[in-house]
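Enquirer: So the protein lines, in turn, are chains A and B.
Numbered according to our numbering, the first sequence spans residues 499 to 905.
Numbered according to our numbering, the second sequence spans residues 499 to 905.
Treat the hints as calculated values from the structure; they're not laboratory data.
Heads up, a few of these hints could be off.
Same chains, same names: a pair is fine if it fits in one copy or spans any two.
Calculated pairs, EDC-like style, for lysine to aspartate or glutamate (alpha carbon to alpha carbon, straight line, at most 20 Å) [stated by the list, open to error]:
1. Lys528 <-> Asp544
2. Lys559 <-> Asp734
3. Lys504 <-> Asp768
4. Lys504 <-> Asp596
5. Lys569 <-> Glu820
6. Lys697 <-> Glu577
7. Lys824 <-> Asp600
8. Lys836 <-> Asp721
9. Lys828 <-> Asp534
10. Lys879 <-> Asp848
11. Lys569 <-> Asp558
12. Lys569 <-> Asp534
13. Lys504 <-> Asp700
14. Lys667 <-> Glu653
15. Lys692 <-> Asp558
16. Lys824 <-> Glu653
17. Lys559 <-> Glu688
18. Lys767 <-> Asp508
19. Lys504 <-> Asp734
20. Lys900 <-> Asp721
21. Lys876 <-> Asp508
Protein chains: 2
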Amino acid sequence: MCVQRKLNWDPCFANRMAGMQASEIRELLKVAERPDVISFAGGIPDPALFAQSHIRQAYDKILSDPVLARKALQYSVSEGDAGLRAWIATHMASKGVDCTPDNILITNGSQQALEFIGKLFISPGDTALVNAPTYLGALQAFAPNQPMYDDLQLENTNRTISSYHSTAKALGSHVRFSYVVPDFANPTGETMSKEARIKLLDLARGLNIPIVEDSPYYALRFDGAPVRSIQALDIDQCGTIEHARVMYCGSFSKIFTPGLRVGWVCARKDIITRLCLIKQASDLNSPAINQLVMLHLAQTTYDTQVNNAIAHYRKKRDVMLEALEKYMPKGAVWSRPKGGMFIWLTLPKDIDTTAILPKAIAQCGVAYVPGDAFFANKSAKNMLRLSYSLPALEKIAPGIAKLATLF
Amino acid sequence: MCVQRKLNWDPCFANRMAGMQASEIRELLKVAERPDVISFAGGIPDPALFAQSHIRQAYDKILSDPVLARKALQYSVSEGDAGLRAWIATHMASKGVDCTPDNILITNGSQQALEFIGKLFISPGDTALVNAPTYLGALQAFAPNQPMYDDLQLENTNRTISSYHSTAKALGSHVRFSYVVPDFANPTGETMSKEARIKLLDLARGLNIPIVEDSPYYALRFDGAPVRSIQALDIDQCGTIEHARVMYCGSFSKIFTPGLRVGWVCARKDIITRLCLIKQASDLNSPAINQLVMLHLAQTTYDTQVNNAIAHYRKKRDVMLEALEKYMPKGAVWSRPKGGMFIWLTLPKDIDTTAILPKAIAQCGVAYVPGDAFFANKSAKNMLRLSYSLPALEKIAPGIAKLATLF
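In isolation and in its complexed conformation, chain A is listed as follows (with noise of 0.2 Å):
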């Protein structure tokens, strides 16, 4: 009788289904944890750098002022703070972006403002030109609308901006937008340069489409001068944001924390009510108490942090870089990145970097991310991602060492 009861999912799901899969970021993020292991995978922030007794301080101070605690644990408005808004587009502002808090919607990390653009713009089929490699969380954020990929090449290119639209036409598809990293790029570690930033807007010109820009590790800029946003060379062109074609993701989770969830979207305010919209459907409201502890910490100590985290990673950096120097076999290169968190490391073409992960655990104790997972169509198996971020200085030579003895 129970059997015959039982339901038969399988035909209940939606069809947006077939095309989430688990990420092997994620199963790597739990070999991660294993204090044995030394984990290149996960870009993830040192918590050496965590304010603890600032964000301790911070949390008390609120939750000791009546008016304050009231509004702390109470819903809120979906579109975020106003003091913490205000305190972003001031922040934009200084980086070249002239917009108000109408222009600001607080998200859950920069990952949800990706899952709500994508929401926003991809019908199932349409194409999204994305560098190979890019973001896998933002392949992953955008996969429930099911959307085409085409790859995004700027330099060292002869792709016509017609290109992208009869390749999409020849699909059945239409060019929607394209999304970027352009400052340490994870996966990479790459920097567009401003000429490759300005033939994207030509490019996104001619396709008539937006632009995201996604720049987590703006601020993390250990070398060299800041190359000035897209969003901002957009805005030098055309006069206003409200004329804008680039949508900016921001992030806290790599200057202060990411346990608070706190990143944002600039953009247009006619975008940002649409997003508002998504926001309001899928949570309602970020938790409003983390948000003001966000803005007291930027507040009081953002220049400190952001020094901080320069001097701490670039140290990291350095001393990865100095180990794949010393260890990697000849026929291996590597990305050397300005700043952020990532290096990208190419092997001799018959290395197969997910073949070899689980012996890199098992036998090495050393993790990193195969590079077939950035990538959105086809890609190369020999590949992968180091992330200097999280492991201890002093284990960061031997692990890479240590990985150099396989290949």
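Starting from the known structure of chain A, arrange chain B on it as the hints suggest.
Expert: Just chain B now, kept in the frame of chain A:
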């Protein structure tokens, strides 16, 4: 030049956005913030019940402990904190739902659980069975997936199981699931009888569909004995949650505070695995710090807090029921909730509650939610939802008296 360069955004949006509209509740929440308005609108907990000092101590305790603090401030697993999931599993077991932490996913309030369930089950054009009226937030959560709706009728009806199937089929659709708020429903305040719950299980079995049981108010029962949850009744019949067709959505928002945004889904493991994948793509994880605080609160003061809330809201309900009796004109009828936060008021047929609302706010300084908002299909205009949870006890009777002058 600038004008020509502007993006024409209108053709850029996904067609799912057509079904997403701004909520009246949302606009009313803004009005309700004005201190001169007596708001019976939002179903908002009374901040007098927030255990501010206990919550402050919980944050302080976690952030004073170096190991806990690092966990609290770091990225965490998408499923949610293991300790909190274990507490919830035990809590569910006490209500007749024998389950393990693997049957629990933590979400940003139960609103996010509804959004994920919509994503998992609804393809565009699918039919969901919902009460008329039903929770507005569920309709909003499902909207991006472009469902159709049929009115779920369980009592005083001659609708047959096959009539739901044939109604959907005539529209080229399939019935995909049924959604109910069985305890002290939003918006009606009504509770499904055990008989109705068993009828619903029979219906779901006949249609081969799952059931979404959304029960954020369950613990807030003022009178009478609890009715066994639909999920527990389902397990009574089929023996194990792994064969059950019910997904249960719970929340701490109405018991402790909505500001931490902690809710959950309880369901068979493979559904939790799928929902977890959706969670990961949506916002990676809910804030670990808030989950650890909620665990501490649940472990130390769940029963006390529930008892306080019951005593507090029972008084408010009683005052509102008395005031309705005293002031409402002949021909008005209302529900008599045994718990929760809502009373549903039906007025004589010629009264349009949407049209009257601006006058109610401007002339009487009283806010409510017009009934219209809670119907998936066509609605009657002469209904409205009153919430007694937020306004001060002494404001309730005067507010109802003023409101009654309009009818």
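Enquirer: Taking the hints in turn, state whether each one holds.
Expert: Against the structure, the hints come out as follows:
Taking the shortest Cα distances, Lys528 and Asp544 sit within 20 Å of each other inside one copy (16 Å), while across copies they are farther apart (40 Å). When the C-alpha separation of Lys559 and Asp734 is checked against a cutoff of 20 Å, the pair qualifies neither within a copy, at 41 Å, nor between copies, at 49 Å. Proximity of Lys504 and Asp768 under a CA criterion of 20 Å is satisfied inter-copy only: 14 Å between copies versus 47 Å inside one chain copy. Proximity of Lys504 and Asp596 under a CA criterion of 20 Å is satisfied inter-copy only: 17 Å between copies versus 58 Å inside one chain copy.
Taking identical chains as interchangeable, the C-alpha atoms of Lys569 and Glu820 are never at most 20 Å apart, the minima being 50 Å within one chain and 31 Å between chains. In this assembly of identical chains, the alpha carbons of Lys697 and Glu577 never lie at most 20 Å apart, being 32 Å within a copy and 41 Å across copies at closest. When the C-alpha separation of Lys824 and Asp600 is checked against a cutoff of 20 Å, the pair qualifies neither within a copy, at 51 Å, nor between copies, at 45 Å. In this homomeric assembly, Lys836 and Asp721 come within 20 Å of each other (Cα to Cα) only inside a single copy, at 5 Å, whereas the closest approach across copies is 65 Å.
Within a single copy, Lys828 and Asp534 get their C-alpha atoms no closer than 29 Å, and across copies no closer than 75 Å, so neither meets the 20 Å cut-off. Taking the closest pair of Cα atoms, Lys879 and Asp848 come within 20 Å of each other only inside a single copy of the chain (8 Å); across copies the shortest separation is 70 Å, beyond that limit. In this homomeric assembly, Lys569 and Asp558 come within 20 Å of each other (Cα to Cα) both inside a single copy, at 14 Å, and across copies, at 19 Å. Taking the closest pair of Cα atoms, Lys569 and Asp534 come within 20 Å of each other only across two copies (18 Å); inside a single copy the shortest separation is 43 Å, beyond that limit.
In the homo-oligomer, the alpha carbons of Lys504 and Asp700 lie at most 20 Å apart only across protomers (12 Å), although the nearest pairing inside one protomer, at 56 Å, exceeds that limit. Taking the shortest alpha-carbon separations for Lys667 and Glu653, neither the intra-copy value of 23 Å nor the inter-copy value of 53 Å comes in at or below 20 Å. In the homo-oligomer, the alpha carbons of Lys692 and Asp558 never lie at most 20 Å apart, since the shortest distance is 44 Å inside one protomer and 46 Å across protomers. Within a single copy, Lys824 and Glu653 get their C-alpha atoms no closer than 30 Å, and across copies no closer than 76 Å, so neither meets the 20 Å cut-off.
Taking the shortest alpha-carbon separations for Lys559 and Glu688, neither the intra-copy value of 40 Å nor the inter-copy value of 41 Å comes in at or below 20 Å. With identical chains, the CA atoms of Lys767 and Asp508 are at most 20 Å apart between copies only, with a shortest distance of 14 Å across copies and 41 Å within one. For a Cα distance limit of 20 Å, the shortest separation of Lys504 from Asp734 across copies, 13 Å, qualifies, whereas the shortest one inside one copy, 61 Å, does not. For the homomeric pair Lys900 and Asp721, neither the shortest alpha-carbon distance inside one copy (28 Å) nor that between copies (67 Å) is at most 20 Å.
In the homo-oligomer, the alpha carbons of Lys876 and Asp508 never lie at most 20 Å apart, since the shortest distance is 29 Å inside one protomer and 32 Å across protomers.
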